[in-house]
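Residues per chain, in single letters:
There are 2 protein chains.
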Amino acid sequence: MARSDLVIVSNRGPLSFTRDDAGQLTPTRGGGGLVSSVGPLVQGTGATWVAAAISDDDREAMKAAGGVVEAEGYRLRALDIPPAQYRQFYDVVSNSTLWFLHHGLDDLPRRPLYDRRWREAWDGYRAVNALFADAAADEAPDGAVVLVQDYHLSLVPAMLRERRPDVRSIHFHHTPFATPTLIRALPTAEELLHGLAAADACGFHAERWRADFEACCAAVGLSPRTFVSPLAPDGDDIGSVAASSACAEAAGWVDEAVGDCQVILRVDRIELSKNIVRGFLAYELLLEERPDLRGRVVFVALVYPSRQSLPQYQAYRQEVQTVVERVNNRFSTGEWLPIVFDDHDDFPRSVAALKRYDVLLVNPVRDGLNLVAKEGPLVNECSGVVAVSREAGVWDELSSAALGLNPFDIAETADVLAAALSMPAEERGRRAAALREIAQARRPDDWLTDQLALVDP
Amino acid sequence: MARSDLVIVSNRGPLSFTRDDAGQLTPTRGGGGLVSSVGPLVQGTGATWVAAAISDDDREAMKAAGGVVEAEGYRLRALDIPPAQYRQFYDVVSNSTLWFLHHGLDDLPRRPLYDRRWREAWDGYRAVNALFADAAADEAPDGAVVLVQDYHLSLVPAMLRERRPDVRSIHFHHTPFATPTLIRALPTAEELLHGLAAADACGFHAERWRADFEACCAAVGLSPRTFVSPLAPDGDDIGSVAASSACAEAAGWVDEAVGDCQVILRVDRIELSKNIVRGFLAYELLLEERPDLRGRVVFVALVYPSRQSLPQYQAYRQEVQTVVERVNNRFSTGEWLPIVFDDHDDFPRSVAALKRYDVLLVNPVRDGLNLVAKEGPLVNECSGVVAVSREAGVWDELSSAALGLNPFDIAETADVLAAALSMPAEERGRRAAALREIAQARRPDDWLTDQLALVDP
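For the protein sequence lines, the chains are A and B, in the order given. Numbered by the working numbering, the letters in the first sequence go through residues 204 to 660 in order. Numbered by the working numbering, the letters in the second sequence go through residues 204 to 660 in order.
The reader is advised that the hints may include incorrect statements.
[Claimed, not checked] Some residues of chain A that are not near chain B, with every Cβ distance over 12 Å (derived): (1) V295; (2) A381; (3) A401; (4) R428.
[Unchecked claim] Away from chain A, derived, C-beta distances all over 10 Å, residues of chain B: (5) Q227; (6) H376; (7) A401; (8) E410; (9) P514; (10) G537.
[Said to hold, decoys possible] Label pairs and their computed distance ranges (CB to CB): (11) B:R593 <-> A:T221: 48 to 54 Å; (12) A:D260 <-> B:Q517: 46 to 52 Å; (13) B:F430 <-> A:R314: 31 to 37 Å.
Keep in mind the hints are simulated off the structure, nothing from the lab. Idealized CB from N, CA, C, for every residue including glycine.
Let's have the full structure, built from the sequences with the hints guiding it.
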């Protein structure tokens, strides 16, 4: 599909640069979930991608290239943003304020706390959004469609409309959206909502997030066009990883770790919304109440650190490690370690583990979608059960075939794990087939097609 | 007004018992905000009040009286509840679960945490609600109207309907109500909502709480009758305290503490919803940015401990004390203490301070009503300004005359305090008169009359 009229705007881009052994700056695939989902959809289409240069190497590479690099099927315009301003935009507003707000993660008696410094950070957020809007306006051909990604860039649609009233823009949130009660706390809520509502349409992964966004908008007299279009996993991509030698090698590690035990698996960033601690508490309760399961089940937790510059994430990581140590100290024997915990991000190994789970635990307190709950069934070879939080966006798609759970309720979670582990083979097989069918029901490019259908003539 | 057909049901009753010097059990007025507001409305009407016996003395007095005591114009049926079950009902479910839920005070990555013990506590909550329903069913005359108070007794309306389909019941929440997103976390949400919705009507202090309750009900297919009826302060009662010798004596303490400084006042329980720490942080910011105010303003904080059996309240009290010490250490001089902090509950002294404030700060993160924001203007003699959180129920009534603030925003709060302290006399006088008019617009018995009008033929 040739779509040179398309401009993608996101914080992270599809390419990052590192120096090879010869000291040359060479492009590699950029990190982050958004890029790995959205990237392949526009790769080779001639579309332009506007993103921030993240590392010093990125900056240098972009400077050398005059701001635009073409590589790996991407045309990337990367922005050189002053580091102090980028921190205001990224650490303070995007990740410490808006992420917490949209996920409802704040401890309201104490956080958020808006002060003068926060206001300066918001000015930085606005300024960085303007840099993105400037670049998008600059790159967009006549009649272009600009796809603005996520909570980092909430103000871009309104800024773009000012700069280029001729182009059409769509904003998509990969997160939930704040409830009307919570967004009232944000001093700049109206600016944020006007920023978003200026898009030709605003998209979400689930009906609930759309409804919350509409309710927030209605409270300030706005009624933007909205849509729901959940991302789908790329079966070909994950299938080729599953068939790779790296994955086969990692499978050896998994076999070693789990022996002939049943496997409960989670694969997550260490993130407050992911509810990792309660997942382990539920497992502890299960082992406490079901001595017969000791030595016969292993919880494999492939969870890797994230946002470690933020103190809340450092604290949460510590809490995760503490509960893992406690459960392992309490129950482990010479032959059996109840929790196999690994905090290295290793995609082939994650896929090897996804092939092998009996139960995939996906228990976020709130989550925009949670793609892994659809990736797992595509590669799993054990008729694995998916136990998923009813607060995840993906629950809307999986509810007929997965087991639902209340993420705040460790007793229910323990019961669901027990039910999953002892589920008769026939039911496991039937559910696994249904999960696979749901995961394949939407193609990865449906997400893009849905959006273009909204604005294409 | 004779209303012997009326039954009030609440956790705390209008009488508590203590031993006098001769060792005799004698009744005194019971504690708590609800009793002091609702009590006078039914005193002497012949209505029956069903409440828990709280102290050992209460239990003994009730046992001696055969379960019903008549004293001080009240007819009280007090319930002897097994202490362990009462703790499940009061500490675990009412105060650690439902209070946090309705006020949105949980730190969702960590709390709530529902486990087996919590489920047992819920069984206790249900059992205690049944004791209240039994007693109300027992006491209610033919055609009675039963007024059930607050979040402690959410299941009573449905239980009462089962036991006495002939009586009419009204449930009133003195708190906000959980948002639909938050109530989904409660494993027993449906039971709670069915419990409430069985009342002939459900009441709230503000439109927003009613809307949240209706949205929660709609999500489970319920559409109860609802109403909004904010309580009003009793001007005669508070006026007589203001004219008392105890108050005059306390005024000496206040004068001593504040000298000829301007006075910012807060009067609160030490409670996570009251936002005491951010109030002091805003004041600190004010002193930092306005050196001219140092030595010329005093923040009088009459805040007294509450629910000290709960660890969250102990922790919050410590945070409050820490910030007070820090601000006082940072700014105090030999002659001037920036914050006068007192944690003794002394009503005449609170009234003496209310007479004297230049600014009354009422900045909760969320609050069902907040009666003190209407009591202050009734007795204040300094044309005092009221600075009130837009998240308090009382904001709906006061918004035309008070200064509004975002409780999460200490910069805005500091600006509002500065504006209040420097407000021209003419504007202060005009606003104070308007506040007084609003505070008097509803009579205390309007709250009762509103409810009876809903069910009286």
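Provide an ascending list of the numbers of those earlier hints which the structure does not satisfy. Hint 2 is the one this structure does not satisfy, whereas the remaining hints hold.
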